[in-house]
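Here the protein sequences come in this chain order: A and B. Each residue of the first sequence is one higher than the last, beginning at 98 in the numbering used here. Each residue of the second sequence is one higher than the last, beginning at 218 in the numbering used here.
Don't read these hints as lab results, they were simulated from the structure. Heads up, the beta-carbon is just placed ideally off N, CA and C, and yes, glycines get one too. Take these hints with a grain of salt, some might be off.
[As the list claims (entries may be wrong)] Here are the computed distance ranges between Cβ atoms for each label pair:
# : chain 1 : residue 1 : chain 2 : residue 2 : range
1 : A       : Q502      : B       : M601      : 41 to 47 Å
2 : A       : Q502      : B       : L370      : 27 to 33 Å
3 : B       : D683      : A       : K197      : 57 to 63 Å
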Amino acid sequence: MKDITRRDFLKLIGAGTVATAATMTGCQNGGDLTPTGTIQPQKGQMTYRTNPNTGDKVSLLGFGMMRLPVIETEAPKGASGREAKSAPIDQEMVNKMVDKAIEYGVNYFDTSPVYCQGRSEKATGIALSRHKRDSYYLATKMSNFAPGTWPREESIKMFHNSLKELQTDYIDYMLLHSVGGGKDSMEMLRQRYYDNGILDFLLEQREKGVIRNLGFSYHGDVKVFDYLLSRHDEYKWDFVQIEMNYLDWHFAHEIEEENTRADYLYNELDKRKIPAVIMEPLLGGRLANVPDHIVREMKKREPERSVASWAFRFCGTFPNVLTSLSGMTYMDHLDDNLATHCPLKPLTSEELDFLEDIAKKIYDLKNIPCTACQYCMPCPFGLDIPGIFSHYNKCIKEGNFAKSQDESDYKKMRRAFLIGYDRSVPKLRQADHCTHCGECVHHCPQRINIPETMDMVNNYVEKLKQGTL
Amino acid sequence: MHKKTLQRIRRVLAAIFFLGITLMFLDFSGTLHKFLGWMAKAQFLPAVLALNFVVIAILLIITLLFGRIYCSVICPLGVFQDGVAHVHNWTKKNRYTFSKAHNILRYIMLGVFVVTLVAGLSSIAALLAPYSAYGRIVQSLFAPVWQWINNGLAAISEHFNSYAFYEKDVWMRSLPTLIIAALTLVVIVILAWRNGRTYCNNICPVGTFLSFFSRFSWFKMHINEEKCIQCGLCTKNCKASCIDGKNGFVDYSRCVTCGNCMAVCPKEAIEYKHVKGNPTPVGANNHSPMTDDKQPDTETVDTGKRAFLIGSAVALGTAAFAQEKKKVDGGLAAIKDKVIPERTVPIVPAGAGSLQRFRTHCTGCQLCVSQCPNDVLRPSTDLMHLMQPVMSYERGWCRPECTACSDVCPTGAIRKLLKEEKAVTKKGQAYWVSQNCIVTANGIPCGNCARHCPAMAIEMVPKRGDETGKLLIPSINESKCVGCGACEYVCPARPLSAIVVNGVEQQRLI
Numbered sequence: 098m099k100d101i102t103r104r105d106f107l108k109l110i111g112a113g114t115v116a117t118a119a120t121m122t123g124c125q126n127g128g129d130l131t132p133t134g135t136i137q138p139q140k141g142q143m144t145y146r147t148n149p150n151t152g153d154k155v156s157l158l159g160f161g162m163m164r165l166p167v168i169e170t171e172a173p174k175g176a177s178g179r180e181a182k183s184a185p186i187d188q189e190m191v192n193k194m195v196d197k198a199i200e201y202g203v204n205y206f207d208t209s210p211v212y213c214q215g216r217s218e219k220a221t222g223i224a225l226s227r228h229k230r231d232s233y234y235l236a237t238k239m240s241n242f243a244p245g246t247w248p249r250e251e252s253i254k255m256f257h258n259s260l261k262e263l264q265t266d267y268i269d270y271m272l273l274h275s276v277g278g279g280k281d282s283m284e285m286l287r288q289r290y291y292d293n294g295i296l297d298f299l300l301e302q303r304e305k306g307v308i309r310n311l312g313f314s315y316h317g318d319v320k321v322f323d324y325l326l327s328r329h330d331e332y333k334w335d336f337v338q339i340e341m342n343y344l345d346w347h348f349a350h351e352i353e354e355e356n357t358r359a360d361y362l363y364n365e366l367d368k369r370k371i372p373a374v375i376m377e378p379l380l381g382g383r384l385a386n387v388p389d390h391i392v393r394e395m396k397k398r399e400p401e402r403s404v405a406s407w408a409f410r411f412c413g414t415f416p417n418v419l420t421s422l423s424g425m426t427y428m429d430h431l432d433d434n435l436a437t438h439c440p441l442k443p444l445t446s447e448e449l450d451f452l453e454d455i456a457k458k459i460y461d462l463k464n465i466p467c468t469a470c471q472y473c474m475p476c477p478f479g480l481d482i483p484g485i486f487s488h489y490n491k492c493i494k495e496g497n498f499a500k501s502q503d504e505s506d507y508k509k510m511r512r513a514f515l516i517g518y519d520r521s522v523p524k525l526r527q528a529d530h531c532t533h534c535g536e537c538v539h540h541c542p543q544r545i546n547i548p549e550t551m552d553m554v555n556n557y558v559e560k561l562k563q564g565t566l
Numbered sequence: 218m219h220k221k222t223l224q225r226i227r228r229v230l231a232a233i234f235f236l237g238i239t240l241m242f243l244d245f246s247g248t249l250h251k252f253l254g255w256m257a258k259a260q261f262l263p264a265v266l267a268l269n270f271v272v273i274a275i276l277l278i279i280t281l282l283f284g285r286i287y288c289s290v291i292c293p294l295g296v297f298q299d300g301v302a303h304v305h306n307w308t309k310k311n312r313y314t315f316s317k318a319h320n321i322l323r324y325i326m327l328g329v330f331v332v333t334l335v336a337g338l339s340s341i342a343a344l345l346a347p348y349s350a351y352g353r354i355v356q357s358l359f360a361p362v363w364q365w366i367n368n369g370l371a372a373i374s375e376h377f378n379s380y381a382f383y384e385k386d387v388w389m390r391s392l393p394t395l396i397i398a399a400l401t402l403v404v405i406v407i408l409a410w411r412n413g414r415t416y417c418n419n420i421c422p423v424g425t426f427l428s429f430f431s432r433f434s435w436f437k438m439h440i441n442e443e444k445c446i447q448c449g450l451c452t453k454n455c456k457a458s459c460i461d462g463k464n465g466f467v468d469y470s471r472c473v474t475c476g477n478c479m480a481v482c483p484k485e486a487i488e489y490k491h492v493k494g495n496p497t498p499v500g501a502n503n504h505s506p507m508t509d510d511k512q513p514d515t516e517t518v519d520t521g522k523r524a525f526l527i528g529s530a531v532a533l534g535t536a537a538f539a540q541e542k543k544k545v546d547g548g549l550a551a552i553k554d555k556v557i558p559e560r561t562v563p564i565v566p567a568g569a570g571s572l573q574r575f576r577t578h579c580t581g582c583q584l585c586v587s588q589c590p591n592d593v594l595r596p597s598t599d600l601m602h603l604m605q606p607v608m609s610y611e612r613g614w615c616r617p618e619c620t621a622c623s624d625v626c627p628t629g630a631i632r633k634l635l636k637e638e639k640a641v642t643k644k645g646q647a648y649w650v651s652q653n654c655i656v657t658a659n660g661i662p663c664g665n666c667a668r669h670c671p672a673m674a675i676e677m678v679p680k681r682g683d684e685t686g687k688l689l690i691p692s693i694n695e696s697k698c699v700g701c702g703a704c705e706y707v708c709p710a711r712p713l714s715a716i717v718v719n720g721v722e723q724q725r726l727i
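Construct the entire structure; sequences and hints are all you get.
Here it is in structure tokens:
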């Protein structure tokens, strides 16, 4: 290497100085108010994946319309914040978020007739109808869970109603919604889609072009997943929606015995070249809300990226992933996700190892794997199931979960757990009121044994109260 | 001694006792009673009921030495009246007059009190008792304000993710007690505002009782006739209306040793000292008080007395009212409020012993009610035992580790219990109400009562006649049930629980 002459050195310094000056001027003159120190999304830089069947170029970030913002109403006295869940959807905010999402290249919107207490499709329809129909892909589902919707005409009515609410005459991505649930999952599948001929109906609609892509979303009993894939030659699934994230990839089975590891699901789809749509990439926000020591580890590596970004980058690293659905409630969720996906920086294999280690640490926290999807609600006896679980998890996360009275911070942790419990869940909606009726159990996509978990929470509370921990 | 020294000492001590007792009633977190509990136990009537001879002896000795300083320092209702009268002094000074003692009235009141107490008509006795009356006022009227302020702070601390304050449900435990407390407050304030210690010297049984001793007290207020110029300022400033300054006479049976007369005397003619010789005969008054003063004064007292009795009668008449509270719910299934089931035998706190014993010992001061962290205790609405605490389980259950009520009870009506004793004290008996049970009425499996029974007294057994064998109903082992109400509280049947606790006449360890 040639020695740098004095002249060259001055040149380098000069160039550097000019560059610095330019940046500083830019800051001053441009009045750039965006927060510095975080990665900003770049317009036109969205990462897209191609659907091999239709050639659709789908944005890697999909907008899940399950956790839409609501208008904050005055919560009744003594009620927890989440009781405002029945509040009306904040359509203005939905419109704003959808507009911004589309502006930055998001083009996949996923809803269902049952989301947001049945109000999601309408809100989605209103927001999207303000944009050109060919500028986005619509996904909705055949959500015929209630036995009252099993008769053929009722299910078909539900389908037509989706078209009406979404203000469209075709659905880009149609799903059999959450197969694999029910006491007898195969029986449930038969009742919902076979006995009433609804699967045939949906296949027909695909022939006619009313449905452009047909797939299914799966939670629960792997038998159903395997069965539907075994008939892939016949049905030609255009896509399948699975739950996948760095925790489920390794530990789905360990967390709840009934659950299937995401790596199995993904690989089965990859083998058949069926694109995977990812749900729960953040586990209902749990992977964005991790204990401080995990935050620290992530920030040490990527100080400019959010905690949530790791989970999306994990999903996006897999090439057969068509899109990762994020149920975004607030504009800052969207901003952060756009920053992660415009463009997406895949994980290196070293980073994948790092996440495996993180997953292990999160698993070791022994959280209740609730994603607050609200499928179990309303509990007929008035319990706030997700509220109870999220308080429990929150205490673990914040280090307010004492394991024994001998811990030095026991008193402080006890106080935080018990006062916080009454704050987040009214007394009559707490775990001790669970009657074990079991209504909720078969609705839980995470297959949490809710009544037993309620006992576990309540036993813990009793130990704290009685001082027998 | 400076002429104001006695008054100052009295004021400081009174303020300490008054604030201490008030705070003890207001504090629901169970922390202050450890430091202040003795103040309640130092109250005369609770000490008598608790047969606390040491306290009684000390109080009597104090009275025999110094006069009725109990009334102006230790008794919170007395201090409260002084406060009210003092506020009136700001606008109208020198307004008191001397009056004769109304012996017939006060002896009748004392007699009524003793008879009702002994006869077990505790609700009447409780109306007259000063400490309990004050306790009721604080618990029913001041505590809600305190708790609302606390809840404001709790909301702020929640906002800042702090656990310094927590929310306390503010709810009306008993309408009759609330009305009685409000009427008592109104009557007391009016009486005190107009004539100072009218209540203490005409109605209060403790005051009347102590008056027998204060007559003979070693130290007394003495008017030095050599110095006295008969200006009458002492009379005009005596809230007990017991100084006839012009005639140099002090009625020691009513004097509460407040020191106000000393403080105002321009000639320092009043001295607090040992007086030799015979005390003034009871009620006898050889000195004729000024007739022009006597007339209006008697009238005032009578009005006050009438208002007090009428007020009590009105309050007694409203005992049957019950109250409901409705919560509004959001997106969750609505929860019906529970209704208090009929309990043929009321449930009283663990440590009460027998119902009979409890009833003759409790003065209905509400201290236990104010301390119950589980919202179980509330004043009874039963006419015969109005304002004495009873338990019910709509808002919580009587937790095994909690001994708050037995820790604070100043009268011994609720005896002090160890946690271990409390957990195994049988205070009631649960029984199953088949027609309310969701298992029998709706065919829904449950078993929540069995799951939460801390005494393991409930097991689920197959329902007879159910072919599936899946429907299980509670089987209650009477010999294990402690009547804590966990089963009743967690029972999903609403508004009436399908498992209900009835009290027992005689509590016992199991």
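Quick rundown of the hints versus the structure:
1. Q502(A) - M601(B): 41 to 47 Å: This hint holds: roughly 45 Å between Cβ atoms.
2. Q502(A) - L370(B): 27 to 33 Å: holds, 28 Å
3. D683(B) - K197(A): 57 to 63 Å: Holds: the Cβ-Cβ distance is about 59 Å, inside 57 to 63 Å.
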